[in-house]
Structure formats: structure tokens, C-alpha cells
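*Asks:* Residue-level listing of the chains:
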Amino acid sequence: GENVEQHPSTLSVQEGDSAVIKCTYSDSASNYFPWYKQELGKRPQLIIDIRSNVGEKKDQRIAVTLNKTAKHFSLHITETQPEDSAVYFCAANGANSKLTFGKGITLSVRP
Amino acid sequence: GAVVSQHPSRVICKSGTSVKIECRSLDFQATTMFWYRQFPKQSLMLMATSNEGSKATYEQGVEKDKFLINHASLTLSTLTVTSAHPEDSSFYICSARRSGAKAEQFFGPGTRLTVL
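Protein sequences appear in the order of chains A and B.
Be aware that the first sequence starts at 1, since it is given in the numbering used here, and climbs by one per residue.
Be aware that the second sequence starts at 1, since it is given in the numbering used here, and climbs by one per residue.
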């Protein structure tokens with residue numbers, strides 16, 4: 001089955017700086033890679049996703065890149081704000097159409 | 001569009017009792033729904049895939065007789081935790097996928113279960 005690795009477990013940045021979160025996956029048949037933001041006690045919120053037929057996607061301050069050869073994908077947040085502080089999960093949709101989640105990273109944006 | 005609700009949002013029960021959690025897709029039809037469990041400071045772990053009109057598919061290590069899943073309509077799936085024990089205390093989250101879609105899942109708000 002799919003295995004998604006997400007490192008590190010925590011990331012702290014100064015407000016206004018950029019944050020980059022990286023994930024790797026194992027199943028070459030995976031074709032859909034969403035990123036979720038989860039605040040404490042709340043549901044995961046889809047912030048951006050990318051499919052395997054594109055290499056990059058951008059939505060305002062958020063972008064995702066995908067390298068299928070290396071089997072890794074990254075989330076880029078520019079001009080970070082304190083409200084960006086949350087837990088971020090990457091996920092991959094394998095051949096079985098199930099989402100496998102990474103362990104999550106706690107992003108802290110210092111004012 | 002693509003709103004998923006869950007009920008109840010919180011439940012506290014005594015050990016040995018059963019608890020039912022409902023997951024509804026409010027504005028779309030969902031042939032497939034998923035049930036996840038999330039322990040504090042951990043990731044979402046898929047428990048089972050719920051398919052409308054057929055038996056659920058359980059992940060390895062998840063007891064199907066303990067976590068009963070029913071997906072009787074295209075907008076409702078239920079998870080019943082039978083004979084709950086304190087170790088079943090967790091955050092249970094469902095998600096739904098539009099009928100005909102292959103990937104994107106829409107998540108419910110979750111149910112916090114506490115077993116005393």
C-alpha cells in the first residue's frame with residue numbers, strides 16, 4: 001500500500017517569511033495529492049491539491065509542486081501570517097482510491 | 001456545495017455501551033464514504049470504506065464486529081462503536097466522495113468520543 005512520509009514534525013517561521021513543507025510517497029500509481037490544514041478540534045480543511053498530470057499549482061499565497069520521478073511533493077506558503085499557524089497534512093490517493101495521510105507538521109508563525 | 005455533517009459532535013458514554021455516529025452529505029450524493037480515527041497529536045488513520053448498498057471494507061487491524069458501518073443511502077453512513085471501552089476514546093471523522101468522482105474527499109466536522 002501507499003506510504004506517505006512528512007518531515008519535520010514542527011516548523012516555526014517569522015511572520016512574512018515563507019514556509020515549505022515536504023512529503024514523499026511510495027506508490028507510483030498515486031495520482032492525487034491534497035494538502036489539508038487542521039486547527040485544533042476541527043475538521044481537516046482542503047487548502048490545495050494537485051493531480052499527477054501537472055507539476056505545479058498556485059492559489060494566491062499557497063502553491064504545491066509535484067515531482068513524480070522522485071515521488072515527492074511540497075507545499076509552499078508565502079508571506080506567512082499568524083492565522084496560518086495550524087497542523088498541515090499531506091496525503092496521497094493511491095491505486096486503491098484511498099487517501100493515505102502523512103503524520104502532519106505543526107506550523108507556528110511568530111508575530 | 002460539498003457539505004458533510006456529522007452527528008453528534010461530542011458524546012460521552014459509559015464503558016460497555018454502544019454509540020452511533022451519523023455522517024451525511026448534505027448537498028451531493030456520495031456512493032463512497034470513509035471513516036477515520038484521529039488520536040491526539042496524531043494523523044488521520046483510515047478505519048473503513050463505506051459503500052452504499054454493500055458491505056464496508058475495513059482496514060487491517062480494525063474489528064468489523066466492533067465498528068459496525070451501515071451505508072443505507074447515498075447521503076448517509078453510520079458508524080456504531082459497540083461495547084465501547086476507554087481506549088476507543090478518539091476523534092472520529094468521516095469523509096464523503098461524490099458519486100462518480102475518483103479522488104477528492106469532503107470531511108465532516110468530526111465526533112469527539114469519550115468513553116468513561
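For the record, the hints were derived by calculation from the structure and aren't laboratory data.
Be aware that a few hints might be false.
Unchecked claim - Distance condition first, Cα-Cα at most 27 angstroms in a straight line; then the derived DSS-like pairs of lysine-lysine: (1) Lys55(B) to Lys98(A); (2) Lys68(A) to Lys64(B); (3) Lys98(A) to Lys14(B); (4) Lys57(A) to Lys55(B); (5) Lys102(B) to Lys103(A); (6) Lys37(A) to Lys55(B); (7) Lys71(A) to Lys98(A); (8) Lys64(B) to Lys98(A).
If you're wondering where the values come from, they're calculated on a predicted model, not measured in any experiment.
*Asks:* Each hint should be assessed against the structure and marked as holding or not.
*Replies:* Here is how each hint holds up against the structure:
no.	hint	in the structure
1	Lys55(B) to Lys98(A)	holds (16 angstroms)
2	Lys68(A) to Lys64(B)	violated (36 angstroms)
3	Lys98(A) to Lys14(B)	violated (33 angstroms)
4	Lys57(A) to Lys55(B)	violated (37 angstroms)
5	Lys102(B) to Lys103(A)	holds (23 angstroms)
6	Lys37(A) to Lys55(B)	violated (31 angstroms)
7	Lys71(A) to Lys98(A)	holds (17 angstroms)
8	Lys64(B) to Lys98(A)	holds (18 angstroms)
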